[in-house]
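> Below are the chains, spelled out letter by letter.
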Amino acid sequence: MTEHLPALIVVVPLLTSFLIFALGWLKKDLCFPVGLFGLAVAASSCMGLLLRVMRWGPVTYKLGGWEAPWGIVYVVDTLNGMVLAAVAFSALIQWIWSGPSVKRHFQDRLGALYGLQMLFVTGLLGMTVTGDAFNLYVLLEIASITAYALIAMGPERASLSSLNYVFMGTLGACFYLLGVGYLYIMTGTLNMADLARLITGLHGSRAIQVAFIITMVGLWLKMAFFPLHGWLPNAYTHAPYPISGLIAPLMTKVMVYVMIRIDLNVFGPVYSFEKMGLEKAVMWLAVLAVIMGSIMALAQKDLKRMLTYVILIEVGYMVGGFWLGNKSGMTGALLHLLNDVFMTLCAFLAVGNLLYRLPGCSFPELKGAFSKMPFTMGALVATALSIVGVPPTCGFFSKWYLLLGALEAEHYGFLAALIFSSLVGVVLFFRVFEWAFFSTQEHEEGEHHLSHTFQEAPVQMVVPVLLVAGGLVVLGVFSGEIVSGIVEPVIPLTFS
Amino acid sequence: MEDALQLIISKYNYWIYITLMMIGLWGVIAKNNLVKKIVGMSIFQTAIILFFVSMGMKKGATIPILLHGHAAHSSPHAAEYINPLPHVLMLTAIVVAVSTLGVALALAVKVYRRYGTLEEDEILEQIRKS
Amino acid sequence: MADVNSTLPLLAVGASLGVVPLLLSARSPDVREGWTLAAGLAKLALVLSMLPSVLGGENLFFQVAEVFPGVPIAFRVDAMGILFALVSSSLWIVTSLYSIGYMRGLKEHGQTRYYCYFALALCSTLGVAFSANLLTLYLFYELLSFATYPLVTHHQDAEARGAGRRYLLYIVGGSIGLVLPAMLVCYGAANTLDFAPDGILKQAGFSGPELATLLLMFLFGFAKAAIMPLHGWLPAAMVAPTPVSALLHAVAVVKVGVFSILRVLTGIFGLELLGSSGLDSLVLALAAATMVAASLAALCQDGLKRMLAYSTVGQLSYIILGGALLSPEGLQGAMAHLATHALGKISLFFCAGALYVATGKQRISQMHGIGRRMPLTMGAFLAASLSIMGVPPLAGFLSKWYLALGCVATEQTVPLMVLLLSSLLNAAYLMPVVYKAFFLPIPEGEPTERLPELSSLCTWAPLVTALGCVLLFFFPGVLLDLTALAAREVWRV
Numbered sequence: 000m001t002e003h004l005p006a007l008i009v010v011v012p013l014l015t016s017f018l019i020f021a022l023g024w025l026k027k028d029l030c031f032p033v034g035l036f037g038l039a040v041a042a043s044s045c046m047g048l049l050l051r052v053m054r055w056g057p058v059t060y061k062l063g064g065w066e067a068p069w070g071i072v073y074v075v076d077t078l079n080g081m082v083l084a085a086v087a088f089s090a091l092i093q094w095i096w097s098g099p100s101v102k103r104h105f106q107d108r109l110g111a112l113y114g115l116q117m118l119f120v121t122g123l124l125g126m127t128v129t130g131d132a133f134n135l136y137v138l139l140e141i142a143s144i145t146a147y148a149l150i151a152m153g154p155e156r157a158s159l160s161s162l163n164y165v166f167m168g169t170l171g172a173c174f175y176l177l178g179v180g181y182l183y184i185m186t187g188t189l190n191m192a193d194l195a196r197l198i199t200g201l202h203g204s205r206a207i208q209v210a211f212i213i214t215m216v217g218l219w220l221k222m223a224f225f226p227l228h229g230w231l232p233n234a235y236t237h238a239p240y241p242i243s244g245l246i247a248p249l250m251t252k253v254m255v256y257v258m259i260r261i262d263l264n265v266f267g268p269v270y271s272f273e274k275m276g277l278e279k280a281v282m283w284l285a286v287l288a289v290i291m292g293s294i295m296a297l298a299q300k301d302l303k304r305m306l307t308y309v310i311l312i313e314v315g316y317m318v319g320g321f322w323l324g325n326k327s328g329m330t331g332a333l334l335h336l337l338n339d340v341f342m343t344l345c346a347f348l349a350v351g352n353l354l355y356r357l358p359g360c361s362f363p364e365l366k367g368a369f370s371k372m373p374f375t376m377g378a379l380v381a382t383a384l385s386i387v388g389v390p391p392t393c394g395f396f397s398k399w400y401l402l403l404g405a406l407e408a409e410h411y412g413f414l415a416a417l418i419f420s421s422l423v424g425v426v427l428f429f430r431v432f433e434w435a436f437f438s439t440q441e442h443e444e445g446e447h448h449l450s451h452t453f454q455e456a457p458v459q460m461v462v463p464v465l466l467v468a469g470g471l472v473v474l475g476v477f478s479g480e481i482v483s484g485i486v487e488p489v490i491p492l493t494f495s
Numbered sequence: 000m001e002d003a004l005q006l007i008i009s010k011y012n013y014w015i016y017i018t019l020m021m022i023g024l025w026g027v028i029a030k031n032n033l034v035k036k037i038v039g040m041s042i043f044q045t046a047i048i049l050f051f052v053s054m055g056m057k058k059g060a061t062i063p064i065l066l067h068g069h070a071a072h073s074s075p076h077a078a079e080y081i082n083p084l085p086h087v088l089m090l091t092a093i094v095v096a097v098s099t100l101g102v103a104l105a106l107a108v109k110v111y112r113r114y115g116t117l118e119e120d121e122i123l124e125q126i127r128k129s
Numbered sequence: 000m001a002d003v004n005s006t007l008p009l010l011a012v013g014a015s016l017g018v019v020p021l022l023l024s025a026r027s028p029d030v031r032e033g034w035t036l037a038a039g040l041a042k043l044a045l046v047l048s049m050l051p052s053v054l055g056g057e058n059l060f061f062q063v064a065e066v067f068p069g070v071p072i073a074f075r076v077d078a079m080g081i082l083f084a085l086v087s088s089s090l091w092i093v094t095s096l097y098s099i100g101y102m103r104g105l106k107e108h109g110q111t112r113y114y115c116y117f118a119l120a121l122c123s124t125l126g127v128a129f130s131a132n133l134l135t136l137y138l139f140y141e142l143l144s145f146a147t148y149p150l151v152t153h154h155q156d157a158e159a160r161g162a163g164r165r166y167l168l169y170i171v172g173g174s175i176g177l178v179l180p181a182m183l184v185c186y187g188a189a190n191t192l193d194f195a196p197d198g199i200l201k202q203a204g205f206s207g208p209e210l211a212t213l214l215l216m217f218l219f220g221f222a223k224a225a226i227m228p229l230h231g232w233l234p235a236a237m238v239a240p241t242p243v244s245a246l247l248h249a250v251a252v253v254k255v256g257v258f259s260i261l262r263v264l265t266g267i268f269g270l271e272l273l274g275s276s277g278l279d280s281l282v283l284a285l286a287a288a289t290m291v292a293a294s295l296a297a298l299c300q301d302g303l304k305r306m307l308a309y310s311t312v313g314q315l316s317y318i319i320l321g322g323a324l325l326s327p328e329g330l331q332g333a334m335a336h337l338a339t340h341a342l343g344k345i346s347l348f349f350c351a352g353a354l355y356v357a358t359g360k361q362r363i364s365q366m367h368g369i370g371r372r373m374p375l376t377m378g379a380f381l382a383a384s385l386s387i388m389g390v391p392p393l394a395g396f397l398s399k400w401y402l403a404l405g406c407v408a409t410e411q412t413v414p415l416m417v418l419l420l421s422s423l424l425n426a427a428y429l430m431p432v433v434y435k436a437f438f439l440p441i442p443e444g445e446p447t448e449r450l451p452e453l454s455s456l457c458t459w460a461p462l463v464t465a466l467g468c469v470l471l472f473f474f475p476g477v478l479l480d481l482t483a484l485a486a487r488e489v490w491r492v
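Protein chains in written order, with numbering that gives the first Met the number 0: chain A, 0 to 495; chain B, 0 to 129; chain C, 0 to 492.
Since the hints were derived computationally from the structure, they do not count as laboratory data.
Ideal Cβ placement from N, Cα and C applies to all residues, glycine included.
Among the clues, some could well be false.
Said to hold, decoys possible - If you want the footprint, here are the derived chain C segments under chain A, 3+ residues with CB under 8 Å:
1. 66-74
2. 126-140
3. 171-177
4. 182-192
Said to hold, decoys possible - Simulated crosslink set (DSS-like; lysine-lysine; CA at most 27 Å straight-line):
5. B:Lys-30 x B:Lys-128
6. A:Lys-27 x B:Lys-10
7. A:Lys-102 x A:Lys-27
8. A:Lys-300 x B:Lys-128
9. B:Lys-10 x B:Lys-58
10. B:Lys-109 x A:Lys-102
11. A:Lys-366 x C:Lys-106
Claimed, not checked - Pulled a few chain A residues facing chain B out of the computed Cβ check, cut under 8 Å:
12. Phe-133
13. Ser-158
14. Thr-169
15. Leu-170
16. Val-476
Full structure from sequences and hints, please.
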């Protein structure tokens with residue numbers, strides 16, 4: 000059984016989603032537990048696979064027994080093992096957390112919502128584990144189309160925001176497909192390892208150049224890398240808050256993973272960094288992404304919308320760190336990928352808690368939040384510290400590697416952008432905390448903190464948020480082990 | 000002049016798909032009406048599908064279907080048949096394009112129900128006012 | 000001095016962290032305050048238990064996790080660290096007692112939150128004291144900044160909001176904007192951030208201007224040390240309740256700042272490098288300028304707490320001056336001043352708070368004749384003022400004596416002159432308060448009867464700490480032993 004783990008990771012959520020769709024018609028109450036079981040199986044399988052890969056090296060799985068390059072192959076090394084585990088656990092935590100909020104807002108569409116969520120996770124897991132370029136496109140579109148539908152379930156502006164996401168997302172995926180087409184014309188294969196082997200002999204080809212650029216642009220559209228980010232703020236802000244908790248932490252990070260995978264393991268580091276000569280341009284775009292994201296975040300008056308701009312900044316960090324082209328920068332980018340999944344998860348789940356109890360999360364509506372919802376706000380503080388980069392939360396450690404990489408590459412623009420955005424992060428979050436802390440309530444005499452204004456979210460929503468907040472510190476303290484065990488084996492030896 | 004004409008005529012399939020792609024892209028970006036944008040997006044996707052299909056063509060080759068006799072006695076000569084792999088891939092891509100089209104149209108219906116119009120500038124006006 | 004593995008440092012740091020859930024779940028204020036005092040006593044006991052080993056030459060070491068190659072999160076308890084820890088943890092107990100009197104006397108709100116963040120602040124302070132390398136120090140320095148923000152903004156009014164913003168701007172802006180890049184440059188050059196006896200930058204090959212920039216980044220980045228012109232947060236932070244001002248902004252937070260700078264000077268740069276590159280003069284100049292300017296600013300203040308805040312700014316630079324003198328006596332004086340100034344300044348703040356609780360007065364101009372109504376409190380104020388001025392038989396004399404010895408030993412007359420001038424200025428802004436309190440008549444229309452002082456914990460606390468100033472002068476054994484040991488550790492090369 001365990002040798003089929005790579006396939007099970009995708010198949011179990013897929014079948015579970017169909018089951019949930021059916022149950023949505025027949026017996027709604029079973030949707031949640033069935034999905035929970037499916038995700039639990041997926042999460043434990045991913046964890047098991049990661050541990051196996053850390054110990055014994057990469058695992059290759061041939062779907063249907065067909066040999067590569069004719070068949071589709073699933074390959075797991077520590078990089079996508081890490082992403083798989085992060086995606087699965089993030090989805091599992093969000094699933095548990097979403098119980099009360101979905102019951103309140105989507106009771107009539109339970110089957111559809113949960114089924115789509117499960118399909119979304121299937122798409123992400125499949126994208127991460129596959130070793131075939133076209134299979135990646137298929138699973139990418141599975142994830143994207145379900146995301147379009149999920150986002151559109153929100154009120155008011157959600158449908159238009161989702162439609163804009165449809166346009167830009169489809170363009171991005173089509174660019175990716177076009178790039179794969181060019182590669183297929185030149186090499187005749189779609190298997191990633193095979194492509195890598197054949198591309199080493201084709202470095203001078205104009206078609207490969209174009210393929211590289213088109214594929215990158217497509218992926219940047221999908222991950223909302225400046226200046227192709229226009230769809231993200233509206234889409235994630237207007238999505239229903241249970242959905243934001245699922246999509247926001249995962250979609251863009253998995254796309255960053257795909258970019259890294261294609262650059263390192265299809266085109267190869269030699270081609271991507273030396274032959275193409277794109278690093279300067281990409282680095283400046285990354286600097287712009289970080290700076291513009293920070294400035295635009297400062298202009299926001301709503302917590303959820305502000306967080307969507309923070310996502311843009313984080314994507315800028317990861318892309319910039321990767322394209323620095325040295326070991327520290329790449330370590331920073333990969334570590335940040337892992338850390339950012341959980342930082343964003345904690346942030347959006349905490350905001351979800353706030354939206355469950357409060358009428359909205361624009362700043363004035365957050366007055367007195369610290370006394371009303373101390374646990375949620377506490378978790379939000381932990382997340383804020385992580386986003387700013389305060390030890391011992393995980394955000395500090397990935398930022399350290401990014402800064403070190405910038406210093407080593409002497410890219411002072413990126414260094415300045417990193418420091419600038421950290422300082423802006425302090426302002427962003429402490430503005431929110433000021434609103435939440437400095438309430439106009441009268442001071443009560445000798446008050447016990449459990450005053451009658453206490454209206455925290457239900458336990459099912461608070462405990463996961465607190466767990467993830469604690470996890471941010473745990474991830475931070477274990478940075479050394481994560482880097483040496485998971486990240487370092489993946490970075491090619493050509494980078495000193 | 001001769002060379003340019005030679006270039007266009009020999010690679011006519013690529014020129015067709017590039018033109019279609021640009022038309023589609025222009026539709027998505029420049030048009031105001033949501034349905035026209037959706038049409039543009041669909042044209043864009045179709046252009047790519049055509050590109051893939053055309054890349055399998057071979058001179059003097061026939062459709063990739065083996066008749067009874069051949070399969071039994073000898074291995075087929077690959078050069079006589081068009082490459083079937085792109086066709087297979089594009090079946091999937093067509094499904095994806097159709098699903099995307101379906102979702103986009105459903106969203107357009109939802110938008111129309113809410114705002115009463117499909118022109119993007121009018122919708123943005125309404126949003127700005129509320 | 001050898002390293003011995005032990006979990007005691009971790010326990011000492013974590014004692015006040017572990018008490019937070021207990022505080023949050025306490026059923027009544029008495030239980031809550033009981034837990035706070037218990038945690039304080041436990042912390043002090045743990046620190047004292049490590050004292051014999053350190054005095055015997057064995058430093059206690061504990062590694063939490065190796066987070067970067069070559070840089071772990073680790074604790075090392077040496078003489079410098081344990082001296083700071085002793086001062087902080089013993090004064091926390093006194094401050095907790097004082098807080099009980101103060102907060103209950105004023106019927107303050109949000110007391111549970113107050114005690115929790117206080118506990119966290121002390122946890123971070125001991126973390127800084129016991130840090131084995133610059134990364135661990137930075138970690139606890141940052142935690143301290145964020146743990147003290149709710150304490151500074153406790154009153155939750157518009158003034159507190161403004162003070163909070165300034166606090167964050169200077170302190171977090173300095174640490175993220177200046178210390179973090181400087182730390183990275185050091186790590187990039189030396190591949191370690193451990194505090195080594197002769198520093199880690201000697202082999203790095205930095206040029207003079209590069210070293211100077213790095214040093215300035217550290218000096219100003221550790222804004223808690225309040226070197227001018229980045230001192231502005233300290234007077235603004237006086238909007239906090241007085242126990243916060245007393246412990247944090249006279250003892251814990253500001254001493255964390257100068258302690259960090261001392262660690263950077265001795266452990267990262269190394270005193271030899273400082274001397275050979277001439278950077279010690281730069282540090283001396285900045286410290287001297289701050290001492291004089293702050294004392295002059297204190298002269299102009301009417302608010303008692305604000306005056307004490309500027310006094311603190313000046314006094315902190317004594318410690319940095321002592322470190323930059325590049326002599327063993329100078330370092331001894333600096334470390335001793337860490338302890339003596341803490342005792343003296345905390346007494347002064349306690350008195351200010353006691354005055355406020357009893358009479359509601361905050362301005363020096365309102366305090367005519369108050370000495371006749373509250374003789375014990377003002378007596379403690381007098382004793383503490385004399386200690387700050389450096390008059391025997393009070394503890395402050397010891398530290399100033401060693402600082403002066405340090406100047407003489409290295410034949411630096413300018414710092415000596417500045418020390419003397421500053422002491423005169425100290426008298427100039429402290430003595431008028433005492434004079435007005437005792438020798439001027441009580442203004443018309445105000446009550447004249449003596450206030451019941453001994454019934455309030457607010458008065459006991461300053462009496463205890465003022466008495467401490469006297470006792471420390473007569474029984475300086477442990478203090479001098481630790482400072483001598485600290486100097487030996489730095490000059491062993």
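> For every hint, state whether the structure bears it out.
Do the hints match the structure? See the list:
no., hint, in the structure
1, 66-74, "holds (count 5)"
2, 126-140, "holds (count 3)"
3, 171-177, "holds (count 4)"
4, 182-192, "holds (count 4)"
5, B:Lys-30 x B:Lys-128, "23 Å, holds"
6, A:Lys-27 x B:Lys-10, "56 Å, violated"
7, A:Lys-102 x A:Lys-27, "11 Å, holds"
8, A:Lys-300 x B:Lys-128, "18 Å, holds"
9, B:Lys-10 x B:Lys-58, "13 Å, holds"
10, B:Lys-109 x A:Lys-102, "23 Å, holds"
11, A:Lys-366 x C:Lys-106, "24 Å, holds"
12, Phe-133, "6 Å, holds"
13, Ser-158, "4 Å, holds"
14, Thr-169, "5 Å, holds"
15, Leu-170, "7 Å, holds"
16, Val-476, "43 Å, violated"
The structure fails hints 6 and 16 (numbered hints given earlier, in ascending order).
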